[in-house]
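J.: Throw the hints in and build the complete structure from the sequences for me.
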Amino acid sequence: MAVSDLMVVFEAITRTGSVQGFADALGLSYRAAWARLQVYETALGRPLVHKTRGHGTALTPFGASLAEAFAAAAAGLEAGFGRETRAVERRLRELLTGRTGVLTLAASHDPLLVDVLAEVGGVELTVTGSRAAVERLLEGGVDAAGFHCGARGPAAAGPPFSSIDPAAGLALYPLFEREQGLLLAPGNPHGIRSLNDLTVEGVRYVNRQKGSGTRDWFDRMLAEADLPASAIHGYAVEEFTHQAVAAVIACGAADAGLGARAAAERLGLDFLPVGWETYYLAASRSLAASGIDELVAEARARAGGLSGYRPVASEAK
1 MAVSDLMVVF EAITRTGSVQ GFADALGLSY RAAWARLQVY ETALGRPLVH
51 KTRGHGTALT PFGASLAEAF AAAAAGLEAG FGRETRAVER RLRELLTGRT
101 GVLTLAASHD PLLVDVLAEV GGVELTVTGS RAAVERLLEG GVDAAGFHCG
151 ARGPAAAGPP FSSIDPAAGL ALYPLFEREQ GLLLAPGNPH GIRSLNDLTV
201 EGVRYVNRQK GSGTRDWFDR MLAEADLPAS AIHGYAVEEF THQAVAAVIA
251 CGAADAGLGA RAAAERLGLD FLPVGWETYY LAASRSLAAS GIDELVAEAR
301 ARAGGLSGYR PVASEAK
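As numbered in full-length UniProt numbering, residues 1 to 317 make up the sequence shown, in order.
Accuracy of the hints is not assured; some may be wrong.
To be verified - Here are the computed lysine to aspartate or glutamate pairs in the EDC-like style, where the Cα-Cα straight-line distance is at most 16 Å:
#, residue 1, residue 2
1, 210, 238
2, 210, 226
3, 210, 135
What the hints contain is simulated information worked out from the structure, not anything from laboratory work.
T.: As C-alpha cells, then:
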C-alpha cells in the first residue's frame with residue numbers, strides 16, 4: 001500500500017464526507033475509487049469507511065485511528081522520516097493485532113535501567129554511547145534512546161542532544177538522577193582525592209568509550225583542570241559499561257575509572273563523588289505511549305529507594 005495514497009484517502013473523506021472527494025483527489029472514477037478502498041480494506045483486514053444515510057461517507061473508528069497515527073507522523077517528518085515511520089508501524093501493529101511488539105531501545109549503560117528492563121520486559125536493548133543512542137533515534141534506527149549529558153541539560157549540551165525538542169516531534173522523559181564519581185580500588189590504596197592524583201606514577205585509569213556521556217564528562221573535567229589526556233596512564237583503555245569499568249578495577253587491572261556509584265557499590269569499590277546528572281529517555285511523540293509508560297514509571301519509582309540515585313525534579317514533557 002502507498003502510504004501517501006492512504007493519507008489522501010483519509011484527508012479527502014474527512015474533508016468532503018464522500019468517496020467522490022477521494023476519487024477527485026487521486027484523479028479516479030467513482031467506481032475505481034471504491035475498488036481502491038476495497039483493496040486497502042482487504043489488505044488491512046478492517047473496514048476504513050462506512051456510509052450513513054443522509055450523512056455521506058465517514059471513517060470508521062479504525063480508519064480514524066490510523067489517520068490520526070499518520071497525521072502525528074506527518075507533523076514530525078522534517079525531524080526524521082525514518083523515525084516516524086517506525087512509530088507508525090508500531091501504532092499500526094497495535095491497531096491490527098492488539099500487540100505492540102518489542103520496543104527497540106539504544107541506551108547508555110546504567111545499572112538501574114538494566115534491572116528495570118529485565119523486570120518490565122518487551123524491550124530490546126542495545127548498549128551504546130549516549131551520542132550514538134540519540135543519533136540512532138533521530139535517524140529512525142530505534143524506537144527510543146536512553147542517554148545522559150552530565151550536569152548540563154540536553155538543550156545546553158549541543159548536538160545531537162539539543163535536537164531532542166518537542167518542535168521536532170520528540171518527547172523527553174527525565175527518568176532519574178544518579179551520582180557519578182571515581183570508582184577506586186577497595187581501600188583506595190593510592191590515596192586518590194582529585195583528578196591530579198590520577199597522573200601520579202603507578203596509578204592506572206580505565207576509561208569509557210568515545211561518545212559515551214561518562215567519557216564526555218571526564219574529558220570536560222580534564223579540560224577544566226588543564227590536564228592533558230596523555231597525563232592519564234590508561235586513558236586509551238576503554239570499556240563499554242559502568243559494570244565493566246568496575247570489574248576491571250575490582251580484579252586489580254586498574255585503580256580508577258569514572259562511573260556510577262551503583263556500579264562501585266555492587267563490587268565493593270571505593271567511590272569519590274564528582275556530581276549528579278539526569279538520565280533521560282527520548283522517543284517520538286507519535287509512538288504509542290503505552291509502550292514506554294510502564295518503563296518510565298518503574299524507573300522513577302525505583303530511583304527513590306537506591307543508593308546513588310534520586311527522583312528527578314521534573315517529569316515528562
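J.: Checking each numbered hint in turn, tell me which of them this model violates, lowest number first.
T.: 2
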